[in-house]
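Asker: From first to last, the protein sequence lines stand for chains A and B.
For the first sequence, counting from 1, position 161 maps to 161 in this note's numbering; every step adds exactly one.
For the second sequence, counting from 1, position 123 maps to 123 in this note's numbering; every step adds exactly one.
In case anyone wonders, no lab produced these hints; they're calculated from the structure.
A couple of the hints might just be wrong.
A few chain A residues facing chain B, derived, Cβ under 8 Å [unchecked claim]:
no. : residue
1   : Leu94
2   : Thr200
3   : Ala203
Glycine included, every Cβ here is placed at the ideal spot set by N, Cα and C.
The lines below spell out each chain.
2 protein chains.
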Amino acid sequence: MIHSFLMIGQSNMAGRGYRKEVPSIYDEHIKMQRNGLWQIMSEPINFDRPSAGVGLAASFAASWRLDNPKEEIGLIPCADGGTSLDDWAVGGALFENAVSQAKFAQRTSKIAGILWHQGENDCSPEKAEKYGDKFSIIIEGLRKELNIPEVPLVIGGLGSFLSEGIFGQYFASYPLINQALEEFAKTQANCYFVTAKGLTANADNIHFNALSQRVLGVRYYSAFRDLKHLLDPNHDEENVLATIYSRSYTKTEKIKLLEHEFAIGNIKPKDFLSELTILNQE
Amino acid sequence: MIHSFLMIGQSNMAGRGYRKEVPSIYDEHIKMQRNGLWQIMSEPINFDRPSAGVGLAASFAASWRLDNPKEEIGLIPCADGGTSLDDWAVGGALFENAVSQAKFAQRTSKIAGILWHQGENDCSPEKAEKYGDKFSIIIEGLRKELNIPEVPLVIGGLGSFLSEGIFGQYFASYPLINQALEEFAKTQANCYFVTAKGLTANADNIHFNALSQRVLGVRYYSAFRDLKHLLDPNHDEENVLATIYSRSYTKTEKIKLLEHEFAIGNIKPKDFLSELTILNQE
Numbered sequence: 001m002i003h004s005f006l007m008i009g010q011s012n013m014a015g016r017g018y019r020k021e022v023p024s025i026y027d028e029h030i031k032m033q034r035n036g037l038w039q040i041m042s043e044p045i046n047f048d049r050p051s052a053g054v055g056l057a058a059s060f061a062a063s064w065r066l067d068n069p070k071e072e073i074g075l076i077p078c079a080d081g082g083t084s085l086d087d088w089a090v091g092g093a094l095f096e097n098a099v100s101q102a103k104f105a106q107r108t109s110k111i112a113g114i115l116w117h118q119g120e121n122d123c124s125p126e127k128a129e130k131y132g133d134k135f136s137i138i139i140e141g142l143r144k145e146l147n148i149p150e151v152p153l154v155i156g157g158l159g160s161f162l163s164e165g166i167f168g169q170y171f172a173s174y175p176l177i178n179q180a181l182e183e184f185a186k187t188q189a190n191c192y193f194v195t196a197k198g199l200t201a202n203a204d205n206i207h208f209n210a211l212s213q214r215v216l217g218v219r220y221y222s223a224f225r226d227l228k229h230l231l232d233p234n235h236d237e238e239n240v241l242a243t244i245y246s247r248s249y250t251k252t253e254k255i256k257l258l259e260h261e262f263a264i265g266n267i268k269p270k271d272f273l274s275e276l277t278i279l280n281q282e
Numbered sequence: 001m002i003h004s005f006l007m008i009g010q011s012n013m014a015g016r017g018y019r020k021e022v023p024s025i026y027d028e029h030i031k032m033q034r035n036g037l038w039q040i041m042s043e044p045i046n047f048d049r050p051s052a053g054v055g056l057a058a059s060f061a062a063s064w065r066l067d068n069p070k071e072e073i074g075l076i077p078c079a080d081g082g083t084s085l086d087d088w089a090v091g092g093a094l095f096e097n098a099v100s101q102a103k104f105a106q107r108t109s110k111i112a113g114i115l116w117h118q119g120e121n122d123c124s125p126e127k128a129e130k131y132g133d134k135f136s137i138i139i140e141g142l143r144k145e146l147n148i149p150e151v152p153l154v155i156g157g158l159g160s161f162l163s164e165g166i167f168g169q170y171f172a173s174y175p176l177i178n179q180a181l182e183e184f185a186k187t188q189a190n191c192y193f194v195t196a197k198g199l200t201a202n203a204d205n206i207h208f209n210a211l212s213q214r215v216l217g218v219r220y221y222s223a224f225r226d227l228k229h230l231l232d233p234n235h236d237e238e239n240v241l242a243t244i245y246s247r248s249y250t251k252t253e254k255i256k257l258l259e260h261e262f263a264i265g266n267i268k269p270k271d272f273l274s275e276l277t278i279l280n281q282e
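With the rest of the complex left out, here is chain A (with noise of 0.2 Å):
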């Protein structure tokens, strides 16, 4: 049986980091969910726009299977960027689109932990005040449509690049947005709040870059796993992720790589027939 992860929240959950900035991870047992069936996971894993590109959840997954070698895990995407937390509210079309999202995934998954990542734009102080308040309903609108009641749910912390940039007059209540998160995740049970410190971001100082997204991915699990809010960074974020790129592919991998690489044209047909022999023959 997977055991799945719903990704909620905006843009930073979904993933902007730039691909080219760290090493992939690809593991045929990590999957993801598309058109309501799993598929071996690959990054962007949240398309929710053509920007999308690496999030937390590829090495949160892949921290998850450090611990759990022998089982599958499985991500369903469903965060979407530039949202509030009213865009979130019970009934909306997000709020639904996950729910529906993951009760296909509960068909032949358990749904084991939710992990949300949002507040750049609920960045006021008038919104801050409200965040926890409107936060919970939608967290407990969840867990019962999913009648998840007791899984983990982690949320991160903002970036303190976001007050830095050419945008950072919209992000100077960052703070209180996170002083809400934190807040919240110490007055809710199974929640863990995870701090984003020493995170940077793309040249936008919106988004996390490709490596602090790894990093954080990271950190969410190990809040899952200890069960504890991450409020310093751990010391060992980069053996983590050192460990995880240094893992070989595997047979069926190294195959399903070949046969992307072939349908992007990137390989002649000839050649993907021999390199595929080969393969076959390890």
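Since the structure of chain A is already known, use the hints to place chain B on it.
Answerer: Chain B alone, transformed into the frame defined by chain A:
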């Protein structure tokens, strides 16, 4: 009210054409659904696999827009590569996902048509014989669930290149599928068949190349508009595409495209701001 179209079938409906091989289509009044919401369409529309690319839906929509310059069109991508008719059976994940996505679309649009392309995965005499009966149950189920008993269903033929490539042996029976599809369309109300005559493929001899997908989209629209089977190519296909490509971008489109270039890191913050200022003064 958006006029929406449901995209279902396998990889040649999702699209595997290479984007670099054709001019792009970008029109603020052509939308696509993501996470239950509409956004401006960009390719790949139907991101079922990492190899997803150009499909027929973009030029279908652009042809529709030539005749409906004051209206909006929305695409609902639900096709999934490598799937058989059995995979699309009523109650299965693909069918239910399509129903659920279409229902989200119905909140804010009126479904105006169904676009289907499938059959490569049913290329055997036995499966071809049962194609009509199986397909009829799927379409009937879909029409009932969505309460769209009479909207036009456009279905396209398979390419004659299928039997010629390195996987040609698996597709020897493709003419039987084309026969089944054509017969289905001729005996069902509100269903129109579109020929794939003359269309060509990527090097895999499985997937229509980008140019052929553009042409196929024009053909699908022609059948939809005239409510007639298209058994032979129209003579004006290339002209229609030339007209589509000659359209100038609106100010909104230029700004969105600039924002995308910034989001993917192709433009520095300073240059983004100065180009944005220029566009806003247009």
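Asker: Tell me if Thr200 (chain A) is really an interface residue toward chain B, meaning its C-beta lies closer than 8 Å to one of theirs.
Answerer: violated, 14 Å
Asker: Would the hint on Leu94 (chain A) be counted as holding, given a Cβ-Cβ threshold of 8 Å to chain B?
Answerer: With Cβ-Cβ at 6 Å, under 8 Å, it holds.
Asker: Minimum Cβ distance from Ala203 (chain A) to chain B below 8 Å?
Answerer: holds, 6 Å
Checked against the numbered hints given earlier, the structure breaks only hint 2 and satisfies all the rest.
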